[in-house]
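Undergrad: What follows is the residue order along each chain.
2 protein chains.
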Amino acid sequence: MGKALAVSPLAPASFPEPPAIGGVEIATVAAGVKYQGRTDVMLARLAPGTAIAGVFTRSATRSAPVLDCQEKIGGATDEGAAIVVNSGNSNAFTGGRGVESVQAITQAVAKATGVPVARVFTASTGVIGEPLPHDRIVAKLGELSESLAPGQIEDAARAIMTTDTFPKGAGRTLSIDGQKVGIAGIAKGSGMIAPDMATMLVYIFTDAAIAQPALQAMLARLTDKTFNCITVDSDTSTSDTLLCAATGASGVTVDDAPEFETALHDIMLDLAHQVVRDGEGATKFVEVAVSGAATDEDARTHALSIANSPLVKTALAGEDPNWGRIVMAIGKSGAAADRDRLTIRFGDILVAENGWVAPSYSEEAGADYMTNAELVIAVDLGLGTGSATVWTCDLTHGYISINADYRS
Amino acid sequence: MGKALAVSPLAPASFPEPPAIGGVEIATVAAGVKYQGRTDVMLARLAPGTAIAGVFTRSATRSAPVLDCQEKIGGATDEGAAIVVNSGNSNAFTGGRGVESVQAITQAVAKATGVPVARVFTASTGVIGEPLPHDRIVAKLGELSESLAPGQIEDAARAIMTTDTFPKGAGRTLSIDGQKVGIAGIAKGSGMIAPDMATMLVYIFTDAAIAQPALQAMLARLTDKTFNCITVDSDTSTSDTLLCAATGASGVTVDDAPEFETALHDIMLDLAHQVVRDGEGATKFVEVAVSGAATDEDARTHALSIANSPLVKTALAGEDPNWGRIVMAIGKSGAAADRDRLTIRFGDILVAENGWVAPSYSEEAGADYMTNAELVIAVDLGLGTGSATVWTCDLTHGYISINADYRS
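Chains as they are written, first to last, in my numbering: chain A, 1 to 408; chain B, 1 to 408.
What the hints contain is simulated information worked out from the structure, not anything from laboratory work.
Mixed in with the good hints, there may be bad ones.
The list makes no distinction among identical chains, and a pair is therefore deemed to hold if it is satisfied within one copy or across any two copies.
Unchecked claim - Below, a list of computed lysine to any residue pairs in the SDA-like style, where the Cα atoms sit at most 25 angstroms apart:
#, residue 1, residue 2
1, 34, 320
2, 180, 151
3, 225, 334
4, 34, 107
5, 34, 220
6, 34, 363
7, 111, 291
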């Protein structure tokens with residue numbers, strides 16, 4: 001760190017304008033946890049009655065804040081809730097001191113905001129294994145609490161960035177039975193991204209009214225189709241946290257509103273794609289779509305094998321239409337495949353079929369396609385009806401440069 | 001390809017001097033399959049009575065030569081055997097033409113050497129998906145057959161190289177009941193290396209006398225402890241082939257000689273380590289030793305998770321003692337782990353224990369250790385008696401450079 005990274009060439013043109021969400025107040029501050037000259041802590045206060053659902057990393061070495069959040073999901077909602085997030089230090093693998101940091105921060109947030117400790121959710125992201133200087137965060141909580149205000153979503157997105165090169169946000173206002181419901185979300189993440197849950201930090205706020213169990217079920221369902229379908233480097237964070245807070249301020253109950261689930265899906269997919277677009281060193285945004293597999297699970301195994309293959313990803317970086325490496329990745333995945341029934345396409349270009357290169361394929365057309373910044377690799381296994389789509393990026397010198405000296 | 005790669009800094013000082021093996025004759029030639037100005041085909045003729053055992057890639061998209069070899073293992077040995085290998089083109093995913101190429105080559109070898117087609121084993125290594133110009137190989141078989149001679153093991157090692165930066169060989173003469181037995185082996189491989197069988201080409205010759213089933217069982221057993229314990233990039237070749245030919249010329253029967261198995265193990269491990277030392281772009285040779293796991297299988301899962309993690313491998317490239325990434329890799333592996341019982345060592349340096357950095361650890365000592373070209377990462381999970389050791393290399397800019405334009 002220390003040096004600023006150039007903004008990803010795959011970044012959206014600008015931050016969107018997500019709606020302010022009733023029942024949500026946000027503040028950010030520069031506490032100097034690690035970074036200098038930028039905000040690094042965000043605080044969100046949520047109105048009484050807010051339902052909070054969460055999905056977390058499945059890592060066996062998950063951090064103290066993650067364990068604390070997992071215990072608190074599903075608790076009473078009467079007295080509201082708070083979310084506090086710092087960047088620069090992940091408070092992961094910090095032993096007993098990690099737990100002490102979580103306790104110190106949650107108690108201080110409770111004192112500053114009037115929310116009970118059992119409803120204060122924390123997250124920390126950054127270097128693993130160094131003690132979190134939680135005093136710096138605690139010292140700023142009075143100031144943070146006083147500056148809480150509606151909106152502020154872009155500020156929040158900026159405060160939680162680590163190696164991210166752009167802040168990530170998405171939002172929408174939808175109409176349900178003629179009444180307005182808003183959803184706004186932010187995400188951070190660009191390395192240590194692999195789908196065993198969200199592998200990043202994501203916070204989504206909505207003024208919809210929904211029972212916590214229904215929200216929890218919906219969030220888990222949608223995570224499997226969005227954040228669990230992206231991979232940058234096959235590495236899984238110890239700190240991944242996705243929280244969705246539904247304040248109910250709109251007065252619109254959405255437990256059985258499919259349009260709400262659709263809108264939430266779209267926002268989660270948008271944020272997931274933005275994480276891939278900010279993949280460390282990425283120059284290509286790549287969709288890997290597998291169909292014709294024996295099962296959906298097999299399709300996912302093949303898609304991830306392609307998306308995580310260093311040889312496929314370096315070929316994409318080199319704009320090399322090296323479809324032989326896609327055959328290799330399918331072959332090694334362990335899921336069912338028949339070499340002679342495979343069909344491979346680059347976008348609309350038929351590349352290979354019947355166990356060999358397609359007669360119509362030209363290397364020039366393939367090479368020309370590879371110069372695009374957004375690519376689609378489509379594989380039909382010819383075995384059944386299983387399908388899956390995942391998203392990834394290429395593997396470049398930029399990834400090596402960022403990660404060979406992250407701590408220096 | 002095209003441009004010559006610098007020899008790996010981890011290469012042995014020189015090619016060893018493996019013993020000439022009775023019953024084995026070798027020849028090499030420049031057939032111009034793809035490369036210019038170097039040998040690219042090797043032919044070995046094996047005396048009547050030679051037992052041949054083989055281990056092959058488990059890829060679902062394995063090549064035509066691999067499928068052909070697999071069918072032939074275990075056949076009658078009366079009339080000897082032949083092995084022919086080309087570099088530059090893998091004849092993989094080449095449809096019906098791939099099978100035609102294998103037939104053309106094996107028939108021509110049979111004609112040139114007098115060995116029946118059923119005892120001619122072929123292998124091809126190089127680019128996937130391009131038709132093999134087998135006529136160039138067939139045209140050279142008369143010349144090759146005439147120049148067959150004892151020894152020549154280093155020439156053979158050179159002829160089968162692709163992106164390898166040095167030829168790989170190992171050998172030993174051992175004494176069994178006062179009688180001499182020789183073993184000599186060669187290997188090629190530096191990318192697309194992951195342990196689901198050998199992920200490379202390996203040929204081992206011995207003048208020991210051993211029944212084919214006993215040799216086959218021994219080879220499978222030893223592969224699990226050697227070639228299946230190395231990984232460069234987690235990618236698995238479609239062409240991996242390991243053949244071991246026992247001519248019996250020494251007259252020494254080794255079916256029940258543990259010293260033979262030990263010697264064969266050592267040669268296989270030596271060759272496996274050489275493959276890692278020639279890992280594409282490698283600057284560090286890394287042993288990952290996991291102990292204290294619930295089972296050996298869990299230990300292997302953790303060891304491979306560490307060895308294949310891009311974030312661990314880039315940290316090693318940057319000489320960054322980033323042990324937090326090792327914690328991350330253990331956490332994501334899916335095998336049993338308890339964050340607070342982990343012990344991590346770099347060589348003899350105790351880095352972390354009891355869920356946090358060790359009190360005695362200093363970042364300076366860790367950083368100093370990381371400047372070594374040969375590293376040991378040792379993890380004790382504190383859960384049981386399962387253990388496993390794997391070998392890998394770092395992930396550098398060199399890997400990206402080699403693989404982003406392999407075909408150009």
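Undergrad: Taking the hints in turn, state whether each one holds.
TA: Results for each hint:
1. With identical chains, the CA atoms of residue 34 and residue 320 are at most 25 angstroms apart between copies only, with a shortest distance of 19 angstroms across copies and 40 angstroms within one.
2. Taking the shortest Cα distances, residue 180 and residue 151 sit within 25 angstroms of each other inside one copy (17 angstroms), while across copies they are farther apart (83 angstroms).
3. Taking the shortest Cα distances, residue 225 and residue 334 sit within 25 angstroms of each other both inside one copy (22 angstroms) and across copies (21 angstroms).
4. When the C-alpha separation of residue 34 and residue 107 is checked against a cutoff of 25 angstroms, the pair qualifies only within one copy, where the shortest distance is 22 angstroms, while the shortest distance between copies is 69 angstroms.
5. Taking CA atoms no more than 25 angstroms apart as the test, residue 34 paired with residue 220 passes in neither setting, with 33 angstroms inside one copy and 52 angstroms between copies.
6. Taking the closest pair of Cα atoms, residue 34 and residue 363 come within 25 angstroms of each other only across two copies (18 angstroms); inside a single copy the shortest separation is 49 angstroms, beyond that limit.
7. In this homomeric assembly, residue 111 and residue 291 never come within 25 angstroms of each other (Cα to Cα): the closest approach is 53 angstroms inside a single copy and 46 angstroms across copies.
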